[in-house]
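Asker: Sequence:
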Amino acid sequence: MSKELVGFSVPNSLLNKFNDNVQRNYRYRKIREYIKNLNDNIEIKSSISKDVSIYPIRLDEIERRKINRIVINNSSKGNKITGSDVISYVINEINSMPVRIRDTMHTSFTLDANVYQELVTLLKGDIINLSFEEFVLNDYKTPNIEYIKSYKSIDPKAIPILLDKSVIKLLDQIKDSVSNIVGKKVSRSNIIRDAINQMIVSFKNEDNEVIQLQEKIMNDILSLKSIGGKKVVKELIEEVQNLVDSNIT
Numbered sequence: 012m013s014k015e016l017v018g019f020s021v022p023n024s025l026l027n028k029f030n031d032n033v034q035r036n037y038r039y040r041k042i043r044e045y046i047k048n049l050n051d052n053i054e055i056k057s058s059i060s061k062d063v064s065i066y067p068i069r070l071d072e073i074e075r076r077k078i079n080r081i082v083i084n085n086s087s088k089g090n091k092i093t094g095s096d097v098i099s100y101v102i103n104e105i106n107s108m109p110v111r112i113r114d115t116m117h118t119s120f121t122l123d124a125n126v127y128q129e130l131v132t133l134l135k136g137d138i139i140n141l142s143f144e145e146f147v148l149n150d151y152k153t154p155n156i157e158y159i160k161s162y163k164s165i166d167p168k169a170i171p172i173l174l175d176k177s178v179i180k181l182l183d184q185i186k187d188s189v190s191n192i193v194g195k196k197v198s199r200s201n202i203i204r205d206a207i208n209q210m211i212v213s214f215k216n217e218d219n220e221v222i223q224l225q226e227k228i229m230n231d232i233l234s235l236k237s238i239g240g241k242k243v244v245k246e247l248i249e250e251v252q253n254l255v256d257s258n259i260t
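According to our numbering, the sequence shown holds residues 12 to 260 in order.
Honestly, the hints are just simulated from the structure, not real lab data.
With a Cα cut of at most 20 Å, we get these calculated PhoX-like pairs of lysine-lysine: (1) LYS227 <-> LYS135; (2) LYS61 <-> LYS227; (3) LYS56 <-> LYS91; (4) LYS61 <-> LYS91; (5) LYS77 <-> LYS56; (6) LYS41 <-> LYS152.
In this text, all values refer to a predicted model and were calculated from it rather than measured experimentally.
Let the sequences and hints guide you as you build the complete structure.
Answerer: Right under this line is the structure:
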């Protein structure tokens, strides 16, 4: 199902805490998952904060309809809210969840230098071990047996890493399972490399960079409106539309 980009006004205090607690590549997913489990009849208070930013997120039709139903149900009870209030509520609820407590230990693995650099580039400054832990705990469901069996190092680089013990335990369980399948011993490094390979493929398919750029543009437009008014924004939108049309033709 295709997703549509929708912008919501969210208090900066909520966004700052949300961005601190949730790794970049999992923010939109956590919001969508929380929306999916929301009760249509939940009562939500209207936000009165004026210190807001436009937060764009791609939502499918089912998610957009869920938000609209919540808005309508609240309005029918005399509680006038908007979709932005719903998203602000969701982000606040996610912020209220206990942060995962990490009990870490050192481990290491080898990875080709170019693969390591590609991962660093995709993470755009996010901490590698935290992003890796989130991926293993949430997305690494099926190890790629053929990749694990056929992997050959070209330019190996030793990577020390501090990982949560629960993640290492899960990796070792997967390692033992794969060892039984292939009929020979598989190392933890084999599993980590496969997880990183899948992680890179997954992140390449995300459009986070586009969304972040759209978020910046939308916030710049909000600032422009506060300084120059609606007329200036409308003139800018017309110029952008003319630019798009000229490029198409």
